[in-house]
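Visitor: Sequence:
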Amino acid sequence: MIKSMTGFGRCEVQKDSRKFTVELKSVNHRYLDVNIRMPKKLNFFETAIRTLLKSYANRGKVDIFITYEDLSQTQVSVKYNAALAAEYMKYLKQMEEEFGLENDVRVSTLSRYPEVFTMEEQSEDEEELWNGLKEALEGAFTQFVETRKTEGENLKKDIISKLDLLSEQIGFIEERSPQIVAEYRAKLEDKMKELLADTQIEESRIASEVILFADKICTDEEVVRLKSHISHMRNTLEEKDEIGRKLDFIAQEMNREANTILSKANDIEVSDRAISLKTEIEKIREQIQNIE
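All the letters of the sequence shown, read from the start, carry residue numbers 1 to 292 under UniProt numbering.
Be aware that a few hints might be false.
What the hints assert, rightly or not - Taking lysine-lysine pairs in the BS3-like style, the calculated list, with each CA pair at most 30 Å apart, reads:
hint, residue 1, residue 2
1, Lys54, Lys246
2, Lys41, Lys15
3, Lys93, Lys240
4, Lys15, Lys156
5, Lys156, Lys246
6, Lys134, Lys264
7, Lys40, Lys79
8, Lys134, Lys149
9, Lys227, Lys162
10, Lys19, Lys157
11, Lys264, Lys240
12, Lys19, Lys149
13, Lys156, Lys41
14, Lys149, Lys162
15, Lys15, Lys90
16, Lys162, Lys61
17, Lys240, Lys61
18, Lys149, Lys264
19, Lys227, Lys25
20, Lys134, Lys61
21, Lys227, Lys246
22, Lys240, Lys149
23, Lys157, Lys25
24, Lys264, Lys283
Stated by the list, open to error - Label-pair distances were calculated between CB atoms; the ranges are:
hint, residue 1, residue 2, range
25, Phe172, Gln289, 26 to 34 Å
26, Ile160, Glu138, 27 to 35 Å
27, Arg112, Asn43, 18 to 26 Å
28, Asp272, Asp220, 17 to 25 Å
Keep in mind the hints are simulated off the structure, nothing from the lab. We treat Cβ as the ideally placed atom computed from N, Cα and C, and that holds for glycine.
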């Protein structure tokens, strides 16, 4: 199924006391460009996150936002530095003896001395942490892919409708081309009769001029190639994986043929249709830029 490069996904998972929330969004980009914002505690998993995403997306600028909460009461603990407390007491005792001061230090006073008590964060079980994070990532990535598929189907329908319009324009050019030659022949005959009056007109000379004109404005090859490109694009839209670059190349070739038709146009109606061809092809190329 065709996928857009525009998508969004979100998932929240709570495993015991751990709560993980993952959100991601993407826009079109030539390659897969990933930006991850998450707590420092989860930085260890950055490579694993990028690897996991590659199984869900191949192209696009993807921003991932991860939040983590530990709802337990045991995430931090108090650490008592007995050696440092003894060091403080030793020097306080020394000050008492040297200066004849009263040693009025209480436990509550000593506990406030720097580094006697410190808060220490408990180490996490990395495997359990990853299992919870991975579940949230997979949930968000799955939703992300579904939104890309939905948008991709909308893009596909729009492109097909534009290809139908291109086919109509090409059909008109095919039908109009012989008429242009016939009209040119009639005008040429009238002009020569006017100039030569009663003199006999050489049919071979008229035929020669008409052939030169027809050859100059002939777009048969361009029309055939353009119809082939349209068919190729329709078939490509039914393919599954990474068709964006391929579609873009086909659109470039379609535009090349439309330019040639416009340059050869010697008729206002054909010129108008050729301009319409270029306009619709450009719209198609804009849509293709969003396809993975």
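Visitor: With reference to the structure, classify each hint as holding or not holding.
Guide: Structure-based check of each hint:
1. For the suggested pair lysine 54 and lysine 246, the alpha carbons sit about 20 Å apart, so the restraint of at most 30 Å is met.
2. A threshold of 30 Å between alpha carbons decides the hint, and for lysine 41 with lysine 15 the separation of about 17 Å falls inside it, so the pair holds.
3. Only pairs whose Cα atoms come within 30 Å are accepted, and lysine 93 paired with lysine 240 is rejected, the gap being roughly 81 Å.
4. Only pairs whose Cα atoms come within 30 Å are accepted, and lysine 15 paired with lysine 156 is rejected, the gap being roughly 40 Å.
5. Proximity of lysine 156 to lysine 246 is assessed by CA-CA distance (about 14 Å); at most 30 Å being required, the pair is judged to hold.
6. For the given pair, lysine 134 sits about 60 Å from lysine 264 by alpha-carbon distance, which is inconsistent with the 30 Å threshold.
7. A hinted pair counts as satisfied when its Cα atoms are at most 30 Å apart, and lysine 40 with lysine 79 qualifies at roughly 22 Å.
8. In summary, the hint linking lysine 134 to lysine 149 is supported, as the alpha carbons are separated by about 22 Å, within the 30 Å threshold.
9. Distance restraint check for lysine 227 and lysine 162: the Cα-Cα separation of roughly 13 Å lies within the 30 Å cut-off, and the hinted pair is therefore satisfied.
10. In summary, the hint linking lysine 19 to lysine 157 is not supported, as the alpha carbons are separated by about 40 Å, beyond the 30 Å threshold.
11. Distance check on the hinted pair: lysine 264 and lysine 240 sit about 38 Å apart at the alpha-carbon level, beyond 30 Å; violated.
12. With a CA separation close to 29 Å, the supplied pair lysine 19 and lysine 149 stays within the 30 Å bound.
13. Proposed proximity of lysine 156 and lysine 41 is contradicted: the alpha carbons are some 42 Å apart, above 30 Å.
14. A threshold of 30 Å between alpha carbons decides the hint, and for lysine 149 with lysine 162 the separation of about 20 Å falls inside it, so the pair holds.
15. Proposed proximity of lysine 15 and lysine 90 is contradicted: the alpha carbons are some 48 Å apart, above 30 Å.
16. As the CA atoms of lysine 162 and lysine 61 are separated by approximately 27 Å, the hinted pair is consistent with the 30 Å bound.
17. Restraint check for lysine 240 and lysine 61: satisfied, since their Cα atoms lie roughly 20 Å apart, inside the 30 Å limit.
18. Taking the CA atoms of lysine 149 and lysine 264, the gap is about 41 Å. The hint is violated against a cut of 30 Å.
19. Taking the CA atoms of lysine 227 and lysine 25, the gap is near 37 Å; set against the 30 Å cutoff, the hint is violated.
20. Taking the CA atoms of lysine 134 and lysine 61, the gap is near 21 Å; set against the 30 Å cutoff, the hint holds.
21. Between lysine 227 and lysine 246, the direct Cα distance comes to roughly 17 Å. Compliance with the 30 Å bound is thereby established for this hinted pair.
22. For the suggested pair lysine 240 and lysine 149, the alpha carbons sit about 11 Å apart, so the restraint of at most 30 Å is met.
23. A C-alpha spacing of about 23 Å is found between lysine 157 and lysine 25, which places the hinted pair at or below 30 Å, so the restraint holds.
24. Restraint check: the Cα-Cα separation between lysine 264 and lysine 283 comes to about 23 Å, which is no more than 30 Å; the hinted pair holds.
25. Between phenylalanine 172 and glutamine 289 the C-beta distance comes to about 28 Å, which sits within the given range of 26 to 34 Å.
26. At roughly 33 Å, the beta carbons of isoleucine 160 and glutamate 138 sit within the given window of 27 to 35 Å.
27. Between arginine 112 and asparagine 43 the beta carbons are some 34 Å apart, a value that contradicts the proposed interval 18 to 26 Å.
28. With their beta carbons about 20 Å apart, aspartate 272 and aspartate 220 fall inside the hinted range of 17 to 25 Å.
Consistency note: the structure conflicts with the earlier hints numbered 3, 4, 6, 10, 11, 13, 15, 18, 19 and 27.
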